[in-house]
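J.: With these hints in hand, go ahead and build the complete structure from the sequences.
In order, the protein sequences belong to chains A and B. Those letters in the first sequence? Residues 1 to 407, by the UniProt record's numbering. Those letters in the second sequence? Residues 1 to 407, by the UniProt record's numbering.
Please note that a few of the clues may not be correct.
[Claimed, not checked] Below are the DSSO-like pairs computed for lysine-lysine, each with C-alpha atoms no more than 30 Å apart in a straight line:
#, chain 1, residue 1, chain 2, residue 2
1, B, 406, B, 40
2, B, 281, B, 16
3, A, 281, B, 239
4, A, 4, A, 122
5, A, 239, A, 255
6, B, 16, A, 16
7, A, 281, B, 291
8, B, 4, A, 60
9, A, 258, A, 281
10, A, 239, A, 202
11, B, 281, A, 338
12, B, 60, B, 406
13, B, 202, B, 239
14, A, 338, B, 255
15, A, 281, B, 338
16, A, 4, A, 406
17, A, 291, B, 255
18, B, 255, B, 281
19, A, 60, B, 239
20, B, 16, B, 40
21, A, 202, A, 291
22, B, 60, A, 406
23, B, 239, B, 16
24, B, 4, B, 406
25, B, 291, B, 255
26, A, 291, A, 239
27, B, 16, B, 407
28, A, 60, B, 281
29, B, 338, A, 255
30, A, 407, B, 60
31, A, 60, B, 407
32, A, 60, B, 255
33, A, 281, A, 16
34, B, 4, B, 40
35, A, 255, A, 281
36, A, 4, B, 60
Hints listed in this document are in silico derivations from the structure and should not be mistaken for laboratory results.
Number of protein chains: 2
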Amino acid sequence: MINKIVVSDRRFPLSKGAGSDAIHRDPVYSYAVTELTDNKGNTGTGFAFTLGEGNDLVCKAAQFYAATLQGRDIEEIMGDFGNIFRQLSNEQQFRWLGPHKGVVHLGLAAVTNACFDLWAKKRGVPLWKLLTSLPAATIVNTLDLSYLEDELTREEALQLLESNRSSMAEREGIIHSGYPGYDTSVGWFNYSDEEVRANCRKAVQNGFTAMKLKVGAADAERDIRRAHIVREVAGDDVKIMLDANQQWTLPQAMKICKVLQSMNPYWIEEPTHPDDVLAHKVLADHIAPTKLALGEHVPNRIIFKNYLQTGSAGFIQVDAVRVGGVSEFITVSLLCRKFGIPVVPHVGDMGQLHQHLVLFNHIAMGHEALFLEHIPHLQQHFIHPVHIRDGRYITPMEPGSSCDLKK
Amino acid sequence: MINKIVVSDRRFPLSKGAGSDAIHRDPVYSYAVTELTDNKGNTGTGFAFTLGEGNDLVCKAAQFYAATLQGRDIEEIMGDFGNIFRQLSNEQQFRWLGPHKGVVHLGLAAVTNACFDLWAKKRGVPLWKLLTSLPAATIVNTLDLSYLEDELTREEALQLLESNRSSMAEREGIIHSGYPGYDTSVGWFNYSDEEVRANCRKAVQNGFTAMKLKVGAADAERDIRRAHIVREVAGDDVKIMLDANQQWTLPQAMKICKVLQSMNPYWIEEPTHPDDVLAHKVLADHIAPTKLALGEHVPNRIIFKNYLQTGSAGFIQVDAVRVGGVSEFITVSLLCRKFGIPVVPHVGDMGQLHQHLVLFNHIAMGHEALFLEHIPHLQQHFIHPVHIRDGRYITPMEPGSSCDLKK
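T.: Written as structure tokens, this is what we have:
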């Protein structure tokens with residue numbers, strides 16, 4: 001029974017230049033942390049990610065949702081979590097503030113993630129282990145599939161999970177080999193060309209075969225020069241992703257993406273505004289076969305559905321600390337599986353939670369084990385920080401979702 | 001010079017059943033009110049609308065934006081408001097909480113509206129008068145057109161306003177005749193059939209030629225029965241709108257909208273989730289020539305652009321206390337004008353502010369003067385409440401935007 005609820009506003013300033021992109025020049029990585037403690041002493045920890053300012057607003061929203069769980073048993077909650085999620089996300093007054101987006105949805109993410117963490121801890125297993133061992137119906141009972149009826153019914157969701165069950169054993173080898181990572185920190189926006197060059201060399205030495213550069217400068221020449229530096233240092237066999245963080249207008253993106261194709265990017269990420277589904281479709285058609293990646297700022301399953309329906313996204317970067325937590329992450333992953341699009345999460349959680357979720361996506365859902373973003377910042381603040389060896393995430397074995405923070 | 005900033009959380013419980021719809025059963029109409037006072041003693045009042053819970057979060061966001069205006073002159077602010085809006089809405093840490101949606105964008109709306117109110121008060125004229133008398137370039141300087149480059153450039157915006165200038169005099173008659181209203185309160189969701197019947201009769205007696213019924217019941221028979229009651233009482237010449245408040249899934253909407261066509265609705269409003277642009281397109285094609293109305297929950301110009309691009313909306317219900325205030329309302333109205341779609345605002349402000357904005361849309365932009373929603377609640381709380389006579393809004397003549405609330 002949950003008898004203690006604590007929500008904390010945790011902020012972690014970064015070292016100079018780290019985390020910077022074309023839009024966010026001086027972020028303070030922050031978490032709205034929800035802790036749910038039961039009468040056995042288990043504490044479930046979940047959070048949403050922000051860039052500092054306003055993290056307190058997300059905490060207040062999380063507090064509002066968490067209060068509804070006081071006195072309830074986690075097994076009973078999780079057995080009906082899909083309905084609980086639907087009720088909370090549609091709470092009739094609070095709903096106006098979204099619906100299903102912005103501060104309130106981030107608050108719901110923090111609470112949802114704490115529930116999944118508590119569930120796994122109570123059962124004494126890592127979250128990936130819990131999720132991969134549950135029957136399909138139990139997984140689907142944790143999901144809110146409302147407003148997806150035209151693309152993903154409950155029956156289709158069950159069938160997607162069940163049809164991949166017999167081949168699960170073939171994919172479990174990844175638990176031992178580790179899930180591949182990619183280095184997202186070689187080219188933050190504010191880093192100098194020299195820093196980018198040095199970071200690329202280090203990433204290759206550390207075994208990474210994929211890495212990302214921030215683009216979206218007012219001066220397009222800077223983007224092009226730096227993209228070619230990364231290609232030159234990393235070589236032709238490394239996958240290089242370019243991330244514009246929404247900086248371009250559609251006409252700008254149409255032009256510069258064509259030029260950037262000269263260094264053979266593996267994807268171009270967040271080229272323009274995350275609400276502009278149709279602009280992404282126009283751009284995707286214009287630059288094919290180069291693919292777009294997006295999802296870091298997409299707040300819910302419904303907008304992801306629209307992106308998938310237009311066929312504009314080559315990669316979906318749903319983030320469980322941006323959408324309504326693990327539950328909606330799984331829903332979006334099922335949608336992606338149906339549409340045949342890989343899920344490559346953005347990791348506002350620094351990969352702590354997502355290392356569990358991509359294992360589940362791969363083993364239980366049959367998603368390709370492409371690679372998971374790796375951001376080295378904040379590791380010192382986690383009790384069980386991610387471990388990377390030879391560019392791969394070492395599978396976490398502690399109970400829960402690896403989201404506990406040091407006090 | 002703005003030297004005093006006050007943000008207040010004002011909540012107004014309603015009488016039983018009032019304001020209820022298929023999703024919101026017990027709303028508390030609330031305003032996050034921003035007051036900007038200058039050293040001449042003028043106070044600009046602006047607000048965003050919520051349904052109660054979480055109104056305090058919007059107040060905190062408004063406070064954050066308002067603080068940036070301390071010590072600045074309102075004329076200087078408004079001369080460059082488009083850029084100021086762009087900067088505020090993209091403040092690099094706070095932006096993460098949206099971007100351009102949810103709590104933060106509602107907070108920005110409150111501040112934006114206070115700026116426009118102060119501007120009109122300082123000039124001693126009603127807001128409609130100020131806006132209709134400004135040069136096109138001055139209006140466009142208050143707008144942030146970013147991410148609309150594919151549909152509405154600055155040049156196109158200027159041209160839209162300038163091309164309607166010579167015919168303005170023909171449309172100014174409406175100042176004296178009053179802008180038509182429609183009665184949105186005949187059929188709140190929780191009202192009994194008898195109340196709906198009585199309210200319809202009263203609305204017709206009061207001169208309204210258009211009115212709205214809330215639908216979206218779990219029991220479709222209830223919707224159909226009540227819709228026919230309204231048609232029967234109001235007669236065939238009255239326009240009757242049906243509002244589902246997002247309650248239906250797409251498959252449900254496909255079915256019930258077809259049945260509801262039997263009572264000849266003028267529009268069907270918010271049939272399903274407000275983020276689902278493509279579902280609205282499928283539905284609009286399915287039920288043509290019956291038209292959809294939407295926008296009450298659409299947070300920004302970019303999503304409105306997508307709706308317009310798909311041609312799924314027959315009426316756009318942008319609300320200046322939901323999007324980023326008067327500025328973004330005008331931007332969306334320009335987009336609608338370009339696409340030939342009428343603007344029929346949702347009035348979270350109870351029509352106080354929108355009575356000014358629809359006059360501007362009609363006189364300066366050439367939008368059809370269709371009708372403006374009328375909600376009778378909260379009138380006792382405004383210093384200058386709207387006046388309705390024979391179903392028409394009497395043009396407000398007090399300086400500002402009529403948004404001052406009694407203490």
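J.: Each hint: holds or not?
T.: Okay, the hints, checked on the actual structure:
no.: 1; hint: 406(B) to 40(B); verdict: 21 Å, holds
no.: 2; hint: 281(B) to 16(B); verdict: 36 Å, violated
no.: 3; hint: 281(A) to 239(B); verdict: 38 Å, violated
no.: 4; hint: 4(A) to 122(A); verdict: 15 Å, holds
no.: 5; hint: 239(A) to 255(A); verdict: 22 Å, holds
no.: 6; hint: 16(B) to 16(A); verdict: 56 Å, violated
no.: 7; hint: 281(A) to 291(B); verdict: 26 Å, holds
no.: 8; hint: 4(B) to 60(A); verdict: 27 Å, holds
no.: 9; hint: 258(A) to 281(A); verdict: 15 Å, holds
no.: 10; hint: 239(A) to 202(A); verdict: 15 Å, holds
no.: 11; hint: 281(B) to 338(A); verdict: 22 Å, holds
no.: 12; hint: 60(B) to 406(B); verdict: 21 Å, holds
no.: 13; hint: 202(B) to 239(B); verdict: 15 Å, holds
no.: 14; hint: 338(A) to 255(B); verdict: 25 Å, holds
no.: 15; hint: 281(A) to 338(B); verdict: 22 Å, holds
no.: 16; hint: 4(A) to 406(A); verdict: 18 Å, holds
no.: 17; hint: 291(A) to 255(B); verdict: 37 Å, violated
no.: 18; hint: 255(B) to 281(B); verdict: 15 Å, holds
no.: 19; hint: 60(A) to 239(B); verdict: 43 Å, violated
no.: 20; hint: 16(B) to 40(B); verdict: 43 Å, violated
no.: 21; hint: 202(A) to 291(A); verdict: 27 Å, holds
no.: 22; hint: 60(B) to 406(A); verdict: 29 Å, holds
no.: 23; hint: 239(B) to 16(B); verdict: 26 Å, holds
no.: 24; hint: 4(B) to 406(B); verdict: 18 Å, holds
no.: 25; hint: 291(B) to 255(B); verdict: 15 Å, holds
no.: 26; hint: 291(A) to 239(A); verdict: 13 Å, holds
no.: 27; hint: 16(B) to 407(B); verdict: 24 Å, holds
no.: 28; hint: 60(A) to 281(B); verdict: 36 Å, violated
no.: 29; hint: 338(B) to 255(A); verdict: 25 Å, holds
no.: 30; hint: 407(A) to 60(B); verdict: 27 Å, holds
no.: 31; hint: 60(A) to 407(B); verdict: 27 Å, holds
no.: 32; hint: 60(A) to 255(B); verdict: 40 Å, violated
no.: 33; hint: 281(A) to 16(A); verdict: 36 Å, violated
no.: 34; hint: 4(B) to 40(B); verdict: 11 Å, holds
no.: 35; hint: 255(A) to 281(A); verdict: 15 Å, holds
no.: 36; hint: 4(A) to 60(B); verdict: 27 Å, holds
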